[in-house]
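Whenever a hint applies, use it, and build me the whole structure from the sequences.
Using the working numbering, you'd call the opening residue of the sequence shown number 2 and step up by one each time.
A couple of the hints might just be wrong.
[Claimed, not checked] Keeping only pairs whose Cα atoms sit at most 30 angstroms apart, straight-line, the calculated BS3-like set for lysine-lysine is:
1) LYS31 <-> LYS67
2) LYS63 <-> LYS31
3) LYS79 <-> LYS45
4) LYS63 <-> LYS79
5) LYS45 <-> LYS28
6) LYS42 <-> LYS63
7) LYS45 <-> LYS67
8) LYS28 <-> LYS42
9) LYS42 <-> LYS79
10) LYS42 <-> LYS86
11) LYS67 <-> LYS79
12) LYS45 <-> LYS31
13) LYS28 <-> LYS79
14) LYS86 <-> LYS67
15) LYS45 <-> LYS63
16) LYS45 <-> LYS86
17) LYS67 <-> LYS42
18) LYS31 <-> LYS79
19) LYS31 <-> LYS42
20) LYS86 <-> LYS63
21) LYS28 <-> LYS63
These aren't lab readings, by the way, just hints derived from the structure by calculation.
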Amino acid sequence: MEMLGTVLPLVLMFAIFYFLLIRPQQKQQKAVREMQNSLQKGDKIVTIGGLHGILDSIDENKIIVKVGDGTRLTFDRKSIRDVVKD
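The structure is reproduced here in structure tokens:
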């Protein structure tokens, strides 16, 4: 009976830790991965560094972003933070 008294709080702490920290983070990572995999040419995007631009071309691991003055910049695909909706 004493062993149950020492193991139960540890199990409860792990369950709380999982539902408050691990699970939401996994959901967020999945959403970001899906967004990065569904990128299409012409999407308005924001990079992790805060650069706004239009997606000009997409490669397996790289993207080319066209910015305001027509300059094209190359980024890793994983550097896209958000797709801007009009």
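Quick rundown of the hints versus the structure:
For the suggested pair LYS31 and LYS67, the alpha carbons sit about 27 angstroms apart, so the restraint of at most 30 angstroms is met. Between LYS63 and LYS31 the CA atoms are separated by roughly 20 angstroms; this keeps the pair inside 30 angstroms, and the hint holds. Using a Cα cut-off of 30 angstroms, the hinted pair LYS79 and LYS45 holds, with the two alpha carbons roughly 15 angstroms apart. Restraint check for LYS63 and LYS79: the C-alpha separation of about 8 angstroms stays at or below 30 angstroms, so the hint holds.
A distance of roughly 23 angstroms separates the Cα atoms of LYS45 and LYS28; the hinted pair therefore holds under the 30 angstroms criterion. For a cut-off of 30 angstroms, the pair hint linking LYS42 to LYS63 stands: about 13 angstroms separates their Cα positions. With a CA separation close to 10 angstroms, the supplied pair LYS45 and LYS67 stays within the 30 angstroms bound. A C-alpha spacing of about 26 angstroms is found between LYS28 and LYS42, which places the hinted pair at or below 30 angstroms, so the restraint holds.
Among the hinted pairs, LYS42 with LYS79 is consistent with the structure: their alpha-carbon atoms are about 16 angstroms apart, no more than 30 angstroms. The straight-line distance between the Cα atoms of LYS42 and LYS86 is roughly 14 angstroms, inside the 30 angstroms bound, and the hint therefore holds. Only pairs whose Cα atoms come within 30 angstroms are accepted, and LYS67 paired with LYS79 is accepted, the gap being roughly 17 angstroms. Taking the CA atoms of LYS45 and LYS31, the gap is near 21 angstroms; set against the 30 angstroms cutoff, the hint holds.
With a C-alpha separation of about 17 angstroms, the suggested pairing of LYS28 with LYS79 holds against the 30 angstroms cut-off. About 17 angstroms separates the Cα atoms of LYS86 and LYS67, which keeps this hinted pair within 30 angstroms; it holds. For the hint pairing LYS45 with LYS63, the CA-to-CA distance comes to about 16 angstroms; that is within 30 angstroms, so the pair holds. For the hint pairing LYS45 with LYS86, the CA-to-CA distance comes to about 7 angstroms; that is within 30 angstroms, so the pair holds.
Straight-line distance between C-alpha atoms of LYS67 and LYS42 comes to about 11 angstroms, which keeps the hinted pair within the 30 angstroms bound. About 13 angstroms separates the Cα atoms of LYS31 and LYS79, which keeps this hinted pair within 30 angstroms; it holds. As the CA atoms of LYS31 and LYS42 are separated by approximately 22 angstroms, the hinted pair is consistent with the 30 angstroms bound. Restraint check for LYS86 and LYS63: the C-alpha separation of about 22 angstroms stays at or below 30 angstroms, so the hint holds.
Distance check on the hinted pair: LYS28 and LYS63 sit about 24 angstroms apart at the alpha-carbon level, within 30 angstroms; holds.
Every hint from the earlier list agrees with this structure, and none is contradicted.
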